[in-house]
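The listed protein sequences correspond, in order, to chains A and B. Residue numbering for the first sequence is 0 to 350, as defined by numbering that gives the first Met the number 0. Residue numbering for the second sequence is 0 to 285, as defined by numbering that gives the first Met the number 0.
If you're looking for bench data, these hints aren't it; they were derived computationally from the structure. Keep in mind that a hint or two might mislead.
If you anchor each label on the Cβ, the simulated ranges turn out as follows [as the list claims (entries may be wrong)]: (1) B:A74 <-> A:A131: 26 to 34 Å; (2) A:K73 <-> B:V90: 51 to 59 Å; (3) A:G135 <-> B:L152: 35 to 43 Å; (4) A:A131 <-> B:T21: 50 to 58 Å; (5) B:S95 <-> A:G135: 43 to 51 Å; (6) A:R128 <-> B:G108: 21 to 29 Å; (7) A:A131 <-> B:L107: 39 to 47 Å; (8) B:I24 <-> A:G135: 45 to 53 Å; (9) A:G135 <-> B:V90: 29 to 37 Å.
Each residue gets a CB set at the ideal place from its N, CA and C atoms; glycine is no exception.
Next come the chains, spelled out residue by residue.
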Amino acid sequence: MSHLVLKGLTKRYGNLTAVDGLSLSVDQGEFVSLLGPSGCGKTTTLQMIAGFVEPTSGSIVLNGKDLGRVPANKRGLGIVFQNYALFPHMTAGENISFGLEMQGLGKSECRARVAEALKLVSLEHLVDRHPARMSGGQQQRVALARALVIRPSVLLLDEPLSNLDAKLREEMQLELRSIQRTVGTTTILVTHDQSEALALSDRIVVMNQGRVEQVADPFSAYEGPASQFVGGFLGKANVFAPCPEDYEGQPRARIGEAHIEMEGRPVPVGAVIVRPEKILFSDPSVCALPGRLKTRVFQGNHWLCQVDTSVGEVSVIRQNDGQSIPAEGETVYLRWRAQDMRPVTPQEGAP
Amino acid sequence: MIVDPRARPWLLSAPALVLYATFLIVPLFMVFLISFFDFQFYGGIQRVFTLKNYVEILTDGYYYEIYARTFGVAAAVTLICLVLGSTEAYVLSRMSNPWKGLFLMVVLGPLLISVVVRTLGWALLFGSTGLISQALMALGLVSGPVNLMYSNLGVTIALTHVLVPFMVIAVWASLQRINPSSEAAALSLGASQFTVVRRVIVPQIMPGIASGSIIVFALAASAFATPEIIGGRRLKTVATAAYDEFLNTLNWPLGAALAVLLLVATMIVLLAANRLIERRYSAVYN
Numbered sequence: 000m001s002h003l004v005l006k007g008l009t010k011r012y013g014n015l016t017a018v019d020g021l022s023l024s025v026d027q028g029e030f031v032s033l034l035g036p037s038g039c040g041k042t043t044t045l046q047m048i049a050g051f052v053e054p055t056s057g058s059i060v061l062n063g064k065d066l067g068r069v070p071a072n073k074r075g076l077g078i079v080f081q082n083y084a085l086f087p088h089m090t091a092g093e094n095i096s097f098g099l100e101m102q103g104l105g106k107s108e109c110r111a112r113v114a115e116a117l118k119l120v121s122l123e124h125l126v127d128r129h130p131a132r133m134s135g136g137q138q139q140r141v142a143l144a145r146a147l148v149i150r151p152s153v154l155l156l157d158e159p160l161s162n163l164d165a166k167l168r169e170e171m172q173l174e175l176r177s178i179q180r181t182v183g184t185t186t187i188l189v190t191h192d193q194s195e196a197l198a199l200s201d202r203i204v205v206m207n208q209g210r211v212e213q214v215a216d217p218f219s220a221y222e223g224p225a226s227q228f229v230g231g232f233l234g235k236a237n238v239f240a241p242c243p244e245d246y247e248g249q250p251r252a253r254i255g256e257a258h259i260e261m262e263g264r265p266v267p268v269g270a271v272i273v274r275p276e277k278i279l280f281s282d283p284s285v286c287a288l289p290g291r292l293k294t295r296v297f298q299g300n301h302w303l304c305q306v307d308t309s310v311g312e313v314s315v316i317r318q319n320d321g322q323s324i325p326a327e328g329e330t331v332y333l334r335w336r337a338q339d340m341r342p343v344t345p346q347e348g349a350p
Numbered sequence: 000m001i002v003d004p005r006a007r008p009w010l011l012s013a014p015a016l017v018l019y020a021t022f023l024i025v026p027l028f029m030v031f032l033i034s035f036f037d038f039q040f041y042g043g044i045q046r047v048f049t050l051k052n053y054v055e056i057l058t059d060g061y062y063y064e065i066y067a068r069t070f071g072v073a074a075a076v077t078l079i080c081l082v083l084g085s086t087e088a089y090v091l092s093r094m095s096n097p098w099k100g101l102f103l104m105v106v107l108g109p110l111l112i113s114v115v116v117r118t119l120g121w122a123l124l125f126g127s128t129g130l131i132s133q134a135l136m137a138l139g140l141v142s143g144p145v146n147l148m149y150s151n152l153g154v155t156i157a158l159t160h161v162l163v164p165f166m167v168i169a170v171w172a173s174l175q176r177i178n179p180s181s182e183a184a185a186l187s188l189g190a191s192q193f194t195v196v197r198r199v200i201v202p203q204i205m206p207g208i209a210s211g212s213i214i215v216f217a218l219a220a221s222a223f224a225t226p227e228i229i230g231g232r233r234l235k236t237v238a239t240a241a242y243d244e245f246l247n248t249l250n251w252p253l254g255a256a257l258a259v260l261l262l263v264a265t266m267i268v269l270l271a272a273n274r275l276i277e278r279r280y281s282a283v284y285n
C-alpha cells in the first residue's frame, strides 16, 4: 500500500487554477521530486500537503488516514523551507529541540535526540551557535536536522538548496541523498532545478501550468520524455519533425537534407526530440544533416555547439575527450542514431 | 585646503553639532544651573549655589506623591500600550492587503490630531454627565454617576489613547523583519498558535517592544497636556507641577529641580530596562 496518496488534488485562486487534479502515490521511503518552472503549482502542492493551504478539492491520504481536517501542527511532517526559517533567537540546539519540546519529551531525551540529529548533519560543534553566525550551508543543515529530529512520516523540502552557491549545492545534494537513505524517510522535494531533481530522486513528477506532464524515474524521464515540455525542461533538447519516406522498401525518416534509415522501426509520427549529446559530427553522408557551426562554447568537460541547419538551429554537446571540434563557421555534418529520436506529444498551449 | 584626517568627521558633523548644542545641550544645561539657584518670595531668583530645592523635594512627602503618581501612571500606560499595541500590530500584520493599509491608517490617524483636542474630547466623555457615566448607568452597572475626570484612571486612559500608536509603529517595524515562514516552521513542528506567538513571534519582536516601551514611558512620564486637562489641579504630575512652579509661583529654581530629577529618574528607569532586555534577548539584536 502506498504511504502518501494525493487524489485529484486541485487548488483554485479565483479564476486561476494553481494545481489541477494532481494524483500521485508515494511509497514508503521513496524520494519524489516535484519539478517545474515557477508558477507550475509545485509549491502550492507542497503547501497543501503541509496543511498551510487548503485544497479546493481532492484529498491527501497519509498511511490510510485522510489529512483533510488535520491542521498543519498535527500532521507531523518535517519541512525544510527555501530560506530555512530558523528561529533567529534560538541556538542551533534550541532550534532542533523545539519540535521535541512540542511533543512533550523530557529534557534528557531531548538533549540526546538533538545530539543525534546534529551528528547526522555533522554539526556537533555548533550546538550553541545562533543562526546569524552560521554560513548558509550550516543553516541549511540545522534546518534539515530540525525537520528530521521529530521523526516525521514525510519530509517536505521546498527548494532547499537554491540559496547555496553552485559548489556547496552539489555537496549538499550528495549529503541530502545519503542522509535520506540513512533515515529512510519518505521525502518530497520541490525544485525548479532539473539537475537537482535528476540527482536526488527515485521518481520525478514534472509539472507545468498546474498539471502533471510526466511521472517517471530520472533516467526514463530524461531518455523518454512524454512531452515536448518535459524534453525541453529536463536538459536540452532538439525538436525535429521527420517526414516518412520509402527507400527501396525500407522506411526512412527525412529531416531537412538527412535521410535516416529506421533499421526496421516505424517512422515516428509528429515531433521527435534528439538530445544534443547524442549528435555526432561526421563526414558528408546521405543520413547526415549539413549545417554551419555558428558558435562553440567551451565548458570544461564538454563543448556546447550551435549549428545552423535548414531545419533551424541544432545544439550539439561533445565531450572534451581529445577529438577535435570543428571551428566556428566551418561546414559540419550531423548524425544521430534512429533510436535516439524520441517521439513526444507536442507542447500544449506553447507560446 | 589640507585637513587632518582625524578632524574631518568632526568638521563634517559640525553643523549638526552646533544645532544640537544650541537647542538641546545649552537649554538643558541652563535648567540644570537654575535648579541650584535660590528663590526669595520678595527678592526673586538669587544667583547663588544652593541645594535647597533638591533638599525640599527630597524631604517633602508632597513631592514623593507627585513623583509616585507620575511614574505609576507612566508604568500603567506603558503596560497597557504594550499589550494593546503589540496585539494590534500583530493582528494588523496578519490582515490581507487592502485592509492592512486601511487599518494602519486608522491606528495612526489620531497622531494627526492635536493632543489637546483629543484630550478635550476625552474630557467630554469622562465627566459625571458624560457619555461613559450615562452609558454605565443606562446599563445598570453603576448606581450613581461616575466621574473619571480628575482621576488617575482617567489620565491613564487618555494617555494610553495618545501614546498607543507609537507602540504600534515600533512593534510593526520589527514584525516586518520576521521571516514569515518561521511561523509556518513552528506550526509544522507541532506548536499551537499560542505557542508560536509566545516562543517564536514575541522573542523576535522584543527589540520593537523595548523601543516602543521606552518611547511610551518617556512620553508618558513627561506628558503635560493630558494630565493638565484630565488630572487638573488636584492630580499633579511632575510636568504640571514644574509648569506651576515656573509660571504661577515664578519659583523657577524649584521647577528646574523638579524637571532635572524627572529627567534623571526617567533615564535611570529606561537605561536599566534597556540593559535588561538587551541582555536577555541578545541574539535578536545583532
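Against the structure, the hints come out as follows:
In this structure, A74 (chain B) and A131 (chain A) meet the distance hint of 26 to 34 Å, their C-beta atoms being roughly 33 Å apart. A hinted range of 51 to 59 Å for the beta carbons of K73 (chain A) and V90 (chain B) is inconsistent with their spacing of about 24 Å. For the hinted restraint 35 to 43 Å between G135 (chain A) and L152 (chain B), the CB-CB distance of approximately 53 Å leaves it violated. At roughly 41 Å, the beta-carbon separation of A131 (chain A) and T21 (chain B) lies outside the given 50 to 58 Å, and the hint is violated.
The hinted range of 43 to 51 Å is not satisfied by S95 (chain B) and G135 (chain A), whose Cβ atoms lie roughly 32 Å apart. For R128 (chain A) paired with G108 (chain B), a C-beta distance near 44 Å fails the hint of 21 to 29 Å. Against the hinted window of 39 to 47 Å, the Cβ-Cβ separation of A131 (chain A) and L107 (chain B) comes to about 31 Å, which falls outside the hint. Between I24 (chain B) and G135 (chain A) the beta carbon distance is about 46 Å. The supplied range of 45 to 53 Å therefore holds.
Taking the beta carbon of each, G135 (chain A) and V90 (chain B) are about 33 Å apart, inside 29 to 37 Å as hinted.
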